[in-house]
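Number of protein chains: 2
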Amino acid sequence: MKRYRNGEIWDFEHEVAVASNRQVILGLDGGTTSTVCICMPIMPFSDTLPDPLPVLARAVAGCSNHNSVGETAARETLEQVMADALSKSGSNRSAVRAVCLAVSGVNHPTDEQRILTWLRDIFPSHVKLYVRNDAVAALASGTMGKLHGCVLIAGTGTIAYGFTEDGREARAAGAGPVLGDWGSGYGIAALALTAVIRAHDGRGPHTMLESTILQTLGLSSADELIGWTYADPSWARIAALVPVVVSCAEAGDEVANKILKEAVQELALSVKAVVQRLGLCGEDEKNSFPLVMVGGVLEANQRWDIGREVMDFISKDYPGALPIRPKVIIVKSSPSGRYKYYPHYCV
Amino acid sequence: MKRYRNGEIWDFEHEVAVASNRQVILGLDGGTTSTVCICMPIMPFSDTLPDPLPVLARAVAGCSNHNSVGETAARETLEQVMADALSKSGSNRSAVRAVCLAVSGVNHPTDEQRILTWLRDIFPSHVKLYVRNDAVAALASGTMGKLHGCVLIAGTGTIAYGFTEDGREARAAGAGPVLGDWGSGYGIAALALTAVIRAHDGRGPHTMLESTILQTLGLSSADELIGWTYADPSWARIAALVPVVVSCAEAGDEVANKILKEAVQELALSVKAVVQRLGLCGEDEKNSFPLVMVGGVLEANQRWDIGREVMDFISKDYPGALPIRPKVIIVKSSPSGRYKYYPHYCV
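Which chain is which? The protein sequence lines are R and L, in order.
All residue numbers in the first sequence are consecutive under the working numbering, ending with 347.
All residue numbers in the second sequence are consecutive under the working numbering, ending with 347.
The shape of chain R in the complex, shown without the other chains:
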């Protein structure tokens, strides 16, 4: 087997005796903040998933969106997290039968093809490879694997992605911070930082965000925000300020409230665009369809509940939208030390 980069990532395969000849699959959820890979044994095909899932190992790494951190860093993260999951499970690449990579930043067939070509250099040719946008995995996580309905992700980035029952698909947003993902965590936080600069230089109204954000970042003046912002291109680092914006909005700050309200409208608009293009709501706009909602921005469950507000907005137009918030509880069972997943669904 070839290696994408020289050496050390796959060294464990020579150093550790492989536990068994069990065949495994790798499933990977790659986001702009973090990337998770699980290793599972191959199971007989079934309409229902075992509960708990027999997860052999789980590995976590950072951002794997090539648009955010560049292609080299994204690939290293993906390769490392797959190697970690295999190593933890006591397997190696010869045990792998299939790899499913669901990665943010896969926006075009050429993105998919590039990653597939690269995976072919890592795994033997008989391994089945699937590469999709992470929204596809997020939808499946809320529909027990069925690709029908719409998913809205709002974490560091945001995307709405939908499928009809006959396999047509559509997406909206997911184009990153330069291209108007204003409802994302990055979008919310960048507008809050902008509000601080504008309040400071006289272009915008006074806002509590100024003192709160400067205090959070340990800065003494708004001018220092410029250097802080460009010192590191990571999108996740900016998005981490969302809780500060929510707390200012809850404390009554008008600027913070306006930013969150606009984000809600943007997120709802993404879903509506997908639902409309796919006709998920039927001709009378009342058909029911699953609407899976995931990501830190939607799951914060603060008093200012962005997820609930988005759902309220969508329900007005599409009363048949059935919100699903998939929750996955991870239990590390002893004495085997293996991870098991208990999927929980809140409909």
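Treat the hints as calculated values from the structure; they're not laboratory data.
No distinction is drawn between identical chains; accordingly, a pair holds when it is met within one copy or between any pair of copies.
Derived pair list, reagent style DSBU-like, types lysine-lysine, alpha-carbon separation capped at 35 Å:
#: 1; residue 1: Lys146; residue 2: Lys327
#: 2; residue 1: Lys146; residue 2: Lys286
#: 3; residue 1: Lys128; residue 2: Lys146
#: 4; residue 1: Lys327; residue 2: Lys88
#: 5; residue 1: Lys88; residue 2: Lys146
#: 6; residue 1: Lys146; residue 2: Lys261
#: 7; residue 1: Lys261; residue 2: Lys286
Once you have looked at the hints, place chain L on chain R.
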């Protein structure tokens, strides 16, 4: 003399015999798209500048805004362009008496201090060093060197910067694309790219920008724009699309027109914030003050004339604002091969 990076930048000092022991100064205008350094002989102090200016050499390089390309690349550009100007003039660093660096991205005393410390490693200790935001040089270029009034730069980036006659100063915008410089060339172009994505995925209205921008970039679908956008972090590369937006607006595209109108309001707002904070317009808001306007966005002089629209907006509030558009004509005189500057002012 020490060297910031190993070797080759200053190698010419050993290889070429220095023409004379003439003393020189270096003046550098560093922007987000390009950086220009001129080398001039020291002249007796005078209220008027010689016309044409006795420029010995001129060197041009790319972006030197550390917030855009990172600190290492910005420094290399600054060092290279200074070395090129000295080399072309037949001088070396021992002839330099003063260096004035006016660089975009100098937003805080720590930025200034960092560059000064680094310059100290390049030049002998007796050389006088000045580091300022490039807006300060831009203002001086329109006021024959006097720091009074307000300057608006709108090129790849944008900033408004002003001085009172008694030396108080204020600025607005200039915080880069993440922090709301929506009137900049980058801001205009990023909103146009966003409009293409939104038209394509159903969130926004149809716009002529879609076909025009895709054609300009040689792309076949809007999805490809995402990869194109993040393939290169250069701000100038995005801003280069402004002429496409202007041509679509001139052809009657509503989306493009809205983007330009909002940019005009943003640019005017930056100037107003500075004028207001410094009280440049006096208590009755009618005092006259110079308003220097520079940068590709303001100077395009298309039928859709952004600079004129901005001026119209500002004049409504401050009838005393005196627009100045400095123009510098460069003539390479023969047979000496030396550059001479003929400053021209349009009031």
